[in-house]
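There are 2 protein chains.
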Amino acid sequence: MLVNGVPGNSISIRDRGLLYGDGVFRTLRAAQGKALHWSLHYLKLQHDCAKLGIACPDEALLCVELDQVLAQHPDGVVKLIVTRGEGARGYTPPADAAPTRIWDFSPLPDYPPEWTTQGIKARVCSLRLSAQPRLACVKHLNRLENVLAAMELNDAQLHGEPAAEGLLLDAEGHLIEGTRSNLFLVAQDRLVTPDLSRCGVAGIQRGRVMAWALQHGVTLQVRDVGLEEALHADELFIVNSVIGLWPIRELGQHQWSHFPVAAQIRHGLDQQDA
Amino acid sequence: MLVNGVPGNSISIRDRGLLYGDGVFRTLRAAQGKALHWSLHYLKLQHDCAKLGIACPDEALLCVELDQVLAQHPDGVVKLIVTRGEGARGYTPPADAAPTRIWDFSPLPDYPPEWTTQGIKARVCSLRLSAQPRLACVKHLNRLENVLAAMELNDAQLHGEPAAEGLLLDAEGHLIEGTRSNLFLVAQDRLVTPDLSRCGVAGIQRGRVMAWALQHGVTLQVRDVGLEEALHADELFIVNSVIGLWPIRELGQHQWSHFPVAAQIRHGLDQQDA
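These protein sequence lines map, in sequence, to chains A and B. Counting from 3, one number per residue, gives the positions in the first sequence under the working numbering. Counting from 3, one number per residue, gives the positions in the second sequence under the working numbering.
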């Protein structure tokens, strides 16, 4: 829809985003012509670009382009991709690489509203996330693990076992995240979220929940979490910028029906959005 | 240059090759209007597509397109990318995904010819490859680790420490491959090449060297290799489809000056090319 400030829907076949997944992206919720939490998204974009050594585009430039997108599409999901730009053959980035800015839009997915209040069914994927500390937390374009995990969910659905989200473990059996979300546990009035220093994507909704906990004096732990611990948590919930917050009502043989802390946090986050 | 059979140099911003690195690629050497070892490349393409659940394009179709590329560019490096195709937002591949076929060409790199005969200087990269058995061996488009490793080589060169290739270890310290090549050791008249069941790319030149060993009654071992073992090998060499075979003459404090087995293998492979 907008590529380097010009209306268009194509990029060069020599863009390193295609060649190597050499880039990062953001998925933003647009509502009534505003992009929610843009400042947090831009901070995260800066962080992720820095991890890859990509020159992050100026915020003012991106804001001008974002406004163009929002003028046409005030409500829905806006995606921003920043790649390292075009390059000659070979993995070494060109010294004069000029990052590519790509904006796209899609309508808000039509999720059942009760998933927000009554929770979702989730399942544990068999795919294990690989550990790469150099890329951990970064929302980069190397997302084949997420694709393989999503294919698992899709296969399960075709076999009559639908799940709204898949949870991912690392090779050591630590619970890391959802295929497209971050995960929180509530246990004994504490919030726990997995350590993402080896793998996983640290989304901005995760950061917002962590900030909420700090503001409200709720003890928050960022550490390794095993599947067994999660199954015995008082509440489980996932977050991302599009879905907001969904409690988990079913995971394997375990079920939950009350989510007082998740509801409180969702209410707190919604108030900030308003 | 050729996208889905049509001359062009752009793809959709909704192509999953860009969005998620959801695709695979081949790098072929073209000489005198022929693509060397096309059959091996196509077999590998089929294998890699199957690992990702991508419908591999028909060989006949690809051959027609390859001939178009070779007619214009008879000598150099031909790149073929096959992505899963375009998709709506989200990691789940569309049921009706139509793979995208992308052909590009670049001139043969201008490497010093003595690298083939007298060997190269290599260095060990600090980046460690992550272990993902589901993607091991596959030449997919998630190549950020290679990009980070190439950036290391580039930094070293800018600091007056040039190296023609970087060697990559996994997190456990096993030697896996080069940033853009596969690795072999010669020790006591045996050939050893790293096991790639957890990470690394199994290139077709690696397969050709393995086949050569079988044909010539040379003992070949595919197993874990530590850095210390490599430093004490009689010979080290790397292979890929563009460079052919380069012995390593310098790695850390270690130096080598005679490469009789590497030379014999290179001669054997060259004869097959002729």
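Please keep in mind that the hints were generated in silico from the structure rather than gathered at the bench. Watch out, some of these pointers could steer you wrong.
No copy is singled out in the list; a pair is fine if it fits within one copy or between any two copies.
[What the hints assert, rightly or not] Only pairs whose alpha carbons sit at most 25 Å apart, straight line, appear in this in silico SDA-like list of lysine to any residue:
| # | residue 1 | residue 2 |
| --- | --- | --- |
| 1 | LYS81 | ALA215 |
| 2 | LYS36 | ARG16 |
| 3 | LYS123 | PRO96 |
| 4 | LYS53 | ARG125 |
| 5 | LYS53 | ALA158 |
| 6 | LYS123 | GLY175 |
As the structure is a prediction and not an experimental result, all values here were calculated from the model.
Results of checking the hints against the structure:
| no. | hint | result |
| --- | --- | --- |
| 1 | LYS81 x ALA215 | neither (28 Å within a copy, 50 Å between copies) |
| 2 | LYS36 x ARG16 | between (33 Å within a copy, 23 Å between copies) |
| 3 | LYS123 x PRO96 | between (46 Å within a copy, 22 Å between copies) |
| 4 | LYS53 x ARG125 | between (31 Å within a copy, 23 Å between copies) |
| 5 | LYS53 x ALA158 | between (35 Å within a copy, 18 Å between copies) |
| 6 | LYS123 x GLY175 | within (21 Å within a copy, 40 Å between copies) |
Of the hints listed earlier, the one the structure fails to meet is number 1.
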